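J.: One-letter residues, chain by chain:
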Amino acid sequence: MNKRSWEGVKDRFIAFFFAANGILTIIILIGIFIFLAYIGLQAFHEISIREFFFGKEWNPTAYGEPKWGILSLVTGTIYIAVISLLIAIPLGVASAIYIAELASPFIREVLKPAIEMIAAIPSVVLGLIGLLIVAPFVAEIFNLPNGLNALTASILVAIMALPTIISISEDVISAIPESYREASLALGATRWQTIKGVILPAASSGIVAASMLGLGRVVGETMVVLMVAGNSRAFPTSILDPVRPITSTIAIEIKEVVQGDLHFQALFALGFVLFLMTFAINLASDIFLTWRQGVR
Amino acid sequence: MTREDVKISTRNLNVYFGDLHAIKNVSLQMYNRSITSIIGPSGCGKSTFLRALNRMLDIIPHARVAGEVILDGRNIYENGTDVVELRRKVGMVFQKPNPFPKSVYDNVAYGPRIHGIRSRDELDAIVEDSLKKAALWDEVADSLDKSAMELSGGQQQRLCIARTLAVKPEVILFDEPCSALDPISTAKIEDLMRSLKNDYTIVIVTHNMQQAARISDYTAFLLMGELIEFGKTARIFERPCEKATEDYITGRFG
Amino acid sequence: MNDKIKERIYLGIFRLCGILSLLILVSILIFVIEPGIKVIDLNFILGMWQTQDITKGGIFPAIVGTFYLGIGVAVFSVPVGICCAIYLNEYARNTGLVRMIRLAIRNLAGVPSIVYGLFGFAVFVQFLHFGTSLLAASLTLAAMTIPWVITASEEALKGVPDGFREGAIALGATRWQAIRTNVLPSALPGMITGSIIGLARAMGETAPLIIVGATFYMRGIPDSPFDKFMALPYHVFILATQHNHPLAEQYAAGTALVLVLLIFLMALAAMIVRYNFRRKRRW
Chain V
1 MNKRSWEGVK
11 DRFIAFFFAA
21 NGILTIIILI
31 GIFIFLAYIG
41 LQAFHEISIR
51 EFFFGKEWNP
61 TAYGEPKWGI
71 LSLVTGTIYI
81 AVISLLIAIP
91 LGVASAIYIA
101 ELASPFIREV
111 LKPAIEMIAA
121 IPSVVLGLIG
131 LLIVAPFVAE
141 IFNLPNGLNA
151 LTASILVAIM
161 ALPTIISISE
171 DVISAIPESY
181 REASLALGAT
191 RWQTIKGVIL
201 PAASSGIVAA
211 SMLGLGRVVG
221 ETMVVLMVAG
231 NSRAFPTSIL
241 DPVRPITSTI
251 AIEIKEVVQG
261 DLHFQALFAL
271 GFVLFLMTFA
281 INLASDIFLT
291 WRQGVR
Chain X
1 MTREDVKIST
11 RNLNVYFGDL
21 HAIKNVSLQM
31 YNRSITSIIG
41 PSGCGKSTFL
51 RALNRMLDII
61 PHARVAGEVI
71 LDGRNIYENG
81 TDVVELRRKV
91 GMVFQKPNPF
101 PKSVYDNVAY
111 GPRIHGIRSR
121 DELDAIVEDS
131 LKKAALWDEV
141 ADSLDKSAME
151 LSGGQQQRLC
161 IARTLAVKPE
171 VILFDEPCSA
181 LDPISTAKIE
191 DLMRSLKNDY
201 TIVIVTHNMQ
211 QAARISDYTA
221 FLLMGELIEF
231 GKTARIFERP
241 CEKATEDYIT
251 GRFG
Chain C
1 MNDKIKERIY
11 LGIFRLCGIL
21 SLLILVSILI
31 FVIEPGIKVI
41 DLNFILGMWQ
51 TQDITKGGIF
61 PAIVGTFYLG
71 IGVAVFSVPV
81 GICCAIYLNE
91 YARNTGLVRM
101 IRLAIRNLAG
111 VPSIVYGLFG
121 FAVFVQFLHF
131 GTSLLAASLT
141 LAAMTIPWVI
151 TASEEALKGV
161 PDGFREGAIA
171 LGATRWQAIR
181 TNVLPSALPG
191 MITGSIIGLA
201 RAMGETAPLI
211 IVGATFYMRG
221 IPDSPFDKFM
231 ALPYHVFILA
241 TQHNHPLAEQ
251 YAAGTALVLV
261 LLIFLMALAA
271 MIVRYNFRRK
281 RRW
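Chains as they are written, first to last, in this note's numbering: chain V, 1 to 296; chain X, 1 to 254; chain C, 1 to 283.
Note that these hints are calculated values from the structure, not bench results.
Predicted model only: the values in this text are computed from it and were never measured.
For every residue, glycine included, the Cβ atom is placed at its ideal position computed from N, Cα and C.
Stretch by stretch, here's where chain V covers chain C in the computed footprint (C-beta under 8 Å, at least three residues):
#, segment
1, 89-103
2, 194-201
Here are the simulated EDC-like pairs of lysine to aspartate or glutamate, each with C-alpha atoms no more than 20 Å apart in a straight line:
#, chain 1, residue 1, chain 2, residue 2
3, X, K168, X, D121
4, X, K89, X, D129
5, X, K188, X, E176
6, X, K89, C, E166
7, X, K96, X, E190
8, V, K10, X, D82
9, X, K102, C, E166
10, X, K168, C, E166
11, X, K96, C, E166
12, V, K196, C, E7
13, X, K89, X, D199
14, V, K10, X, E85
15, V, K255, C, D227
16, V, K10, X, D58
17, X, K102, C, D162
18, X, K89, X, D72
19, V, K56, V, D241
Please model the complete structure; the sequences and the hints are all you need to start from.
T.: Here's what the structure looks like:
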């Protein structure tokens, strides 16, 4: 074999090596799916699917008659997701508009890395601040014995989601061609009219995608809700009720279970439900992003 | 002109990018030790044609080539062609100067090194020789360790030519080599090409008709991927046979 | 006139929101620093942990644990992530396989950390019998970090001008030669920056550690990958929620401050790498 063709063989081998690393990502994703499904689905030998998805009470350790309904947990997750996004999306999008359209170049250069840094703050630290600062504050305002409830958790989860929403929306808005703005301003539109009439419509699907990614983070957030949401398994009726979303249920109970028993399997089933939820959310945001690229 | 004088030729060459048929049935001969220029309006497939000649299209996704490109009597698209060897033999200089972010010396020595030359003396000789042939030696002899990124645009392009010469090619493809340069640098590159003609087969793509007229021996006119006319440069510019050629060189196309 | 008033009101709202966001984010720092700084002294950082009287000991084992964890995650995630990015950006065409890999990466990036915890527990702790060890936790967090490293590395590779690749290939370089000699040297600083930021995020993760299992108390520091370990974020969590010492929350804040400083130092280092690189490059 001469030297030249040896180089070619080597090149092909190296290409294959890099491809193998790419394939590993697929293996991890499928691995997550299979392990969660394999362990989680075993729970349904003993728990009826109907009880699991439609039962309101989750009490695996109840003596004699454990309850396996995840409805109150899912409701907790939805409560927190909805309230926190109601806070984070308007604030995040408005901040993104400020950074991209109004702020001076200097302020923009300071704000962007600052927000990147904030995104790196661990959620356990936010949870701690929730315990120390936000919960007592909420308790005082609403005159509650303690502030560990859905609202407090939502405020903190909103702060978690804020950097994601701001930075993606800001990218989308900054990517809008300058000619759009110039055209609008040249027609005598004010800056607000330009933002409302040109910028926001052009950025809308990107902002939706940013919000969906934010939703994905919010639904999967564990530490903040574990620390400040109050952890009550009761079915929540008000935003000032303590709640226990899917994530914190897993985190709390995984330490108490016997490995391999029904409760253990049920927690994996719960994790599987969470995985499917975030998978669907990410897929949807993906569709919005590609749709936007298609429109351009 | 005898047949032995053809260095590289295409036979019914077709190039597709997905559904786009970019080069349509082009058959063209390029003669040894001469300059052939390819002219035509933007988007006519000039650069695509050039890239088919050293299989640079291989690295573009969706590109598909049909037909033959014959170099020294062998079709370069037949199975078993050593692409790496081919590209060493058929060098290419790009539209925008693309020196590597390395020193002047390392840029020129890059090709010889990847082809296995390690001896410092040998490399020194190749670098000096190539830079001299590229008419850059006098300007950089004292600063071979300087980053190539610090050179002027015209110097960078001559460095890229030196880099190509260093692997001792037989054919050099120029893809609009002067489009990013000022008139003085352009004149230097054109002088250089004329002197290189004595040793190499040169194919140049250009959108500048004066340039084609000034330097080339043969000219091919491409339009919408088709070869409209080919012949001696003087003949093409003075007595074009095709209406489209005449329209183009008298400036009715963009 | 009406339009002008409207303009002022709306733009004012946007400004307010922008400033409010920044204020919230800055106040987080203040809220950690203010109670945390009181407990930080040399003994707190370099002392061994005393679980009986938390005011006596320090969090040295947790710092070391988090540091080891960072190394473990780096070993398992950075090479794989960079190689995958090289494949996607340098070799891959738009085939079904590549679309699947990209879909997998985007979805992996969105999988909640607690789900990674369950996955890691099932695979590394149980199936592969690594137990609740540094190794199992590193592998779990690495799986989570890989998509971040890939995204950042691909970004860095995209920043390398095509001319560097074409120029080399036109000289007869093989693809790998072109990548090794021309693409990687230019992309590496960006890859390192992205990887450091990814690692910093992984080192702050708590939820997977709850499941895969960090420990709250250990004598000394781990000396094998199969040892149990303490970690800063887990330590914050336990002190803040499951410790009844009256000063536990203050010590939690102290630990949190150390964690945040560690992460910021890493982010700062990453930014310095990026800055130096941008200053030097000339394309």
